[in-house]
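K.L.:
In order, the protein sequence lines correspond to chains V, B, F and U. Under the numbering used here, residue 1028 is the last one in the first sequence; the count climbs by one each step, no gaps. Under the numbering used here, residue 309 is the last one in the second sequence; the count climbs by one each step, no gaps. Under the numbering used here, residue 295 is the last one in the third sequence; the count climbs by one each step, no gaps. Under the numbering used here, residue 234 is the last one in the fourth sequence; the count climbs by one each step, no gaps.
These aren't lab readings, by the way, just hints derived from the structure by calculation. Some hints here could point you the wrong way.
Going by beta-carbon spacing under 8 Å, a handful of chain V positions derived as facing chain F [stated by the list, open to error]:
1) Ala828
2) Glu831
3) Leu1003
Between beta-carbon pairs, the in silico distance windows are [stated by the list, open to error]:
4) Glu24(U) / Gly98(F): 46 to 54 Å
5) Ala988(V) / Tyr32(B): 50 to 58 Å
6) Val307(B) / Asp125(F): 22 to 30 Å
7) Thr257(B) / Val855(V): 29 to 37 Å
8) Lys269(B) / Ile788(V): 35 to 43 Å
9) Tyr12(U) / Phe161(F): 40 to 48 Å
None of the values given here were measured: they were computed from a predicted structure. Beta carbons: idealized from backbone N, C-alpha and C, even for Gly.
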Amino acid sequence: MRQERLSLVLSVGLLAGLAVVPLVTAANTVLNFLVFAMILALAAHGWNLLAGYAGQFSFGHAAFFGVGAYGGALLQMRAGINPWVAFLGGIMLAGIVGAVIGALSFRADLRGSYFSLVTLAFAEVLRILVNATPATGGAAGLLIPLDVRFANFQFASRAAFYWIALALVALVTLLMLVIENTRFGAYLTAIRENEDAARALGVDVFAEKIKAMTLSAAITGAAGGLYAQYFLYLDANIGFGPWISIEALVAPIIGGLGTAAGPLVGALALQMLGEMSKTVAGRIPGIDLVLFGLLLVLVIAFMRRGVVGQLQRLAMARGGA
Amino acid sequence: MQSEGVVAIVGGYASAICLATTQAAARYDLPYVVDVGVTDAIVNRGLKNTFRFGPGFGTVTQQAMDNLTKINEAAGKPAKTVMLVHEDGLFGAGLAKLLQAELPKRGFEVLDTLPHPTPARDMTNIALQIKAKNPDILIPSSYYGEFVLLARTMQQQKIKPKAIYAVLNGAASNFRFVKEFPEAAQFVMDCNHWHDPRKPAAEALRKSLEAQGKFWTYNIPMNYSAVLLLADALERAASTDRAKVTEALASSTFADHLMPYGPTKFVNGQNTGAAPVNTQVQGSDIKVIFPAEFSNAKVVFPVPA
Amino acid sequence: MMFSPEIVMAAVLNGVMTGSVYALIALGLTLVYGVLHIINFAHGAMLTAAMFAVFVGHAVFRIDPYAMIAVVAPLFFALGYALQRWVIGPAAHGSESNVLLVTLGLSIMIENALLAGFRSDTRSIDVPYAFSSLDLGFTFLSVPRLVAFGVSIAVAFLLWLLLARTDAGKAIRAVAKEPTGAELVGIRVEHVFAVTFGLGAACVAVAACLLMPTFYVSPRIGNAFVLVAFTIVVLGGMGSIPGAVLGALFVGVVESLSGLFFNESLAQLGVFLIFILVLLLRPRGLFGAKA
Amino acid sequence: MLEIANLVAGYSGVPVLRGLDLEVARGEVVAILGSNGVGKTTLNKAISGLVPVESGAIRFAGAAIAGLHPSDIVARGLIHVPEGRKIFPNMTVLENLELGSYRRAKPHRRKNLERVFATFPRLKERTHQAAGTLSGGEQQMLAIGRGLMGEPLLLILDEPSLGLSPLLVEEMFGLIAEIAKSGLAVMLVEQNVVQSLEVAARAYVLDNGTVALHGAANDLKNDPRLQTAYLGA
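Whenever a hint applies, use it, and build me the whole structure from the sequences.
P.N.:
Here you go:
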């Protein structure tokens, strides 16, 4: 089975399965777990577009997550814009920030480790600035007032919020499957495999990378916006801290780098792994992350295309037999 | 937790966590007793489920300023100038802003305010600036690591203000600091949560803990008291119904706690009796020095050079 | 705001002292980059691990932190060697992005294992000489920091000597530019890679011994230093050893002075801004090291 | 000295050498000829351990060396001076030569240095110059000199005349002849047929990964099959 087919089947199956969960259980722990997994999957999709498809490994996707989260929250609280509109505004802001950071770094022809480092630094600069700026709530953070109304992007039932998050993940997965079959997707793959060769073939590498970065940032920004609306509290470490840069990167790698199903598979796997490690190791802080790190190393060493890649290999073996 | 039949929550510690968790609990009308968690926003949002046993930020700073003024007056007003050092997060930055506004009203001149990040790699520059400005009193609000670093660097650079007067400091009323760096810790004052040293139950708890080789911290009597408070409310409510427990908490007059507070009385979720006290490191102990009715030692001020 | 010249001089001196420890951390990073052409994201976690090793050595076995150099430097050399030879090298399959991810995974593992083992408390050690200082008239110069300066410069010099004068050092330089040529004179490239990585680890181990008498350790502290070290490495030119030393002293002084004239929080921001600007405008580094 | 039997080797499963037999005797100069892409460089890399051997045997000085690590092959005295020289451009001429005895003959370093400088006086003039700044001919001399520093029993020279001016090519072959006179076995891999056959005692002509033709150099010079084999016709 081709990777795209497998991704499509996997994604549809998973999303359908996930959609019925609230009908089966109303347990808040389950829904809470899944909402968080969806936010993570969304952030991971953003990172995967840039790194998995275009080969640009950002270590600072927190920048976009934070801009999406803070952008939406500030538009809503300071400018009085409707939260739904503000959410979209946050996504756009994240896209713009992505385009600017992309333009600066790609103009300077930063590749590989250099690109990773500069994105990390941008995220840290934003974190320090937001922490020090009174307009963003400074160190005290932002508390979005509790006001449960549909028009306010706040719901009495967790299931409603969960379905919205799930729908967004479905939408982005679809977008990725579409991109894989467009010229844009082909250009990104060409850039990932060999940037200079792609340029020699007439691909406008700079423009395509900026496009990928903008879209990637917007998607991760959407994850930030969702986070803000769900938890109603933000501070600089939540929005711009290294934790989200890392989770957005570990999830697709475990799920399957450069595949449309990878981010969702990886986000669910990571979340489950985190819960399991807590159950097994008790409440020792850090144990779950030790496992994440180990898994990251193992996946890179032994299964380069993560869970999806492994499934594909199995499917091919069976097809060949 | 909602689905697991929880009736009430006691917790807190980090203000940012409190802000988020109390709001989450409010969705389910889950009674929430905050033990330590000083941000005033915790009880200022009109959440009916949230009760804070300990004093809030406003109360603590107010008391801290009052006490400082009184201590200074009692010593014949040797101190006129102050410098503030604070970590640049929620707690330090907020505190510094308040103190900057309050201190001039009480006749102190604020010479400078120096923020620093957590973790900070170096405190020498801050020490140098303190040395340059030579304030009478230094008010640090930092977490443990940075304050210890600052106190050690000051000792190193032989900088001796008339007092180091901390407010809600992570280290100044921490026995680990006193034990590991007795010289740097000597005579450091703190306005913070502390147990009532005259209550036998509190001292007994402290002894039993120290017998296990653990350091005594103010969180322990706070948390212990908050649990007692909730137990009392549960008894009086005689029910696990959340609304009844909430009501019992709201009308609580609980007095058998370990803190220097008097009977509990919640107004808008804040225990109005709650107040901080002043402590000072003297020898290898942390003594309560102010207010007089709770104190077990006399204040040493100005610090002998 | 004006300060007396004494205070400014003291701040410059302090910057040089701090910078020298940065230099040691940056040396390890730049050496690994120069030879293996990879960025070791686990550098900060290795520093933290070394600091905890020094802490445990003092708390449990009452070993002086300076004496611990003799223990942790070889230990971390061996650890670094093993990591590169049997973990990073094989797992990376020769791709740069894989190396980044593997070392990131390692840093997550190390940091959180330390968090699980030691919790998030900050810990420090008290040694009798922690507060001894020299009276220079305008300031008191802390003896432990002077020791740190001396040892850092000595280590940098020894490293330079090793690379310039010994066969092992020449083999490292040979592998850095021409691995195939190196194999054909009988140099084991994967061994040299691992030795280089081990040297980088030994450098942070020494830095840990120098920091502990006056500093504290907590599970995430290493990153606070390594982000500065990245800046220094970029500033001095990736792979350049003199660049790393000069860059470190420069950053130390700039940071110290901006801490004095602005504030410590903004000084942190300044470090990152320098980093971004150098990357965007002069990725080869300010000191013109050859690519 | 070197015996190769039925050697199959290549890159990631695609064999370039398909069953090759070859022999170099002690003190003998053997030329390996053939046009581009017939497998000459792969042969050298297989012998020196840079390319894995799939099947067949390589024996050197009486022992099987197929599958050994390149550094162990160097240690046995089989030294390969590669195509493109692969000198260390960031290091001085002296340091390059010193590394030639990294694995072998380290105690004789000083003596061998003098010998190399005697053979290549131009290197001596440039002792402390960075190798990357040398001319192409000088870099080739340095590469050979570096090889000699390890006191090889067999020296493989891969395209030593590549990219040199005709005058320098002449000089280079003169030097190789001189080195060969010292009794060292040399395997000279070249595209330059005429000059190589002047220096070598025997020669092998490769085509498509196997030996197409071999024999004494003097016989091959006049063999019409050489022309056809070499042109791949």
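K.L.:
Please go over all the hints and tell whether each is borne out by the structure.
P.N.:
Verification of the supplied hints:
| no. | hint | result |
| --- | --- | --- |
| 1 | Ala828 | holds (5 Å) |
| 2 | Glu831 | holds (5 Å) |
| 3 | Leu1003 | holds (3 Å) |
| 4 | Glu24(U) / Gly98(F): 46 to 54 Å | violated (36 Å) |
| 5 | Ala988(V) / Tyr32(B): 50 to 58 Å | violated (29 Å) |
| 6 | Val307(B) / Asp125(F): 22 to 30 Å | holds (28 Å) |
| 7 | Thr257(B) / Val855(V): 29 to 37 Å | holds (34 Å) |
| 8 | Lys269(B) / Ile788(V): 35 to 43 Å | holds (42 Å) |
| 9 | Tyr12(U) / Phe161(F): 40 to 48 Å | holds (44 Å) |
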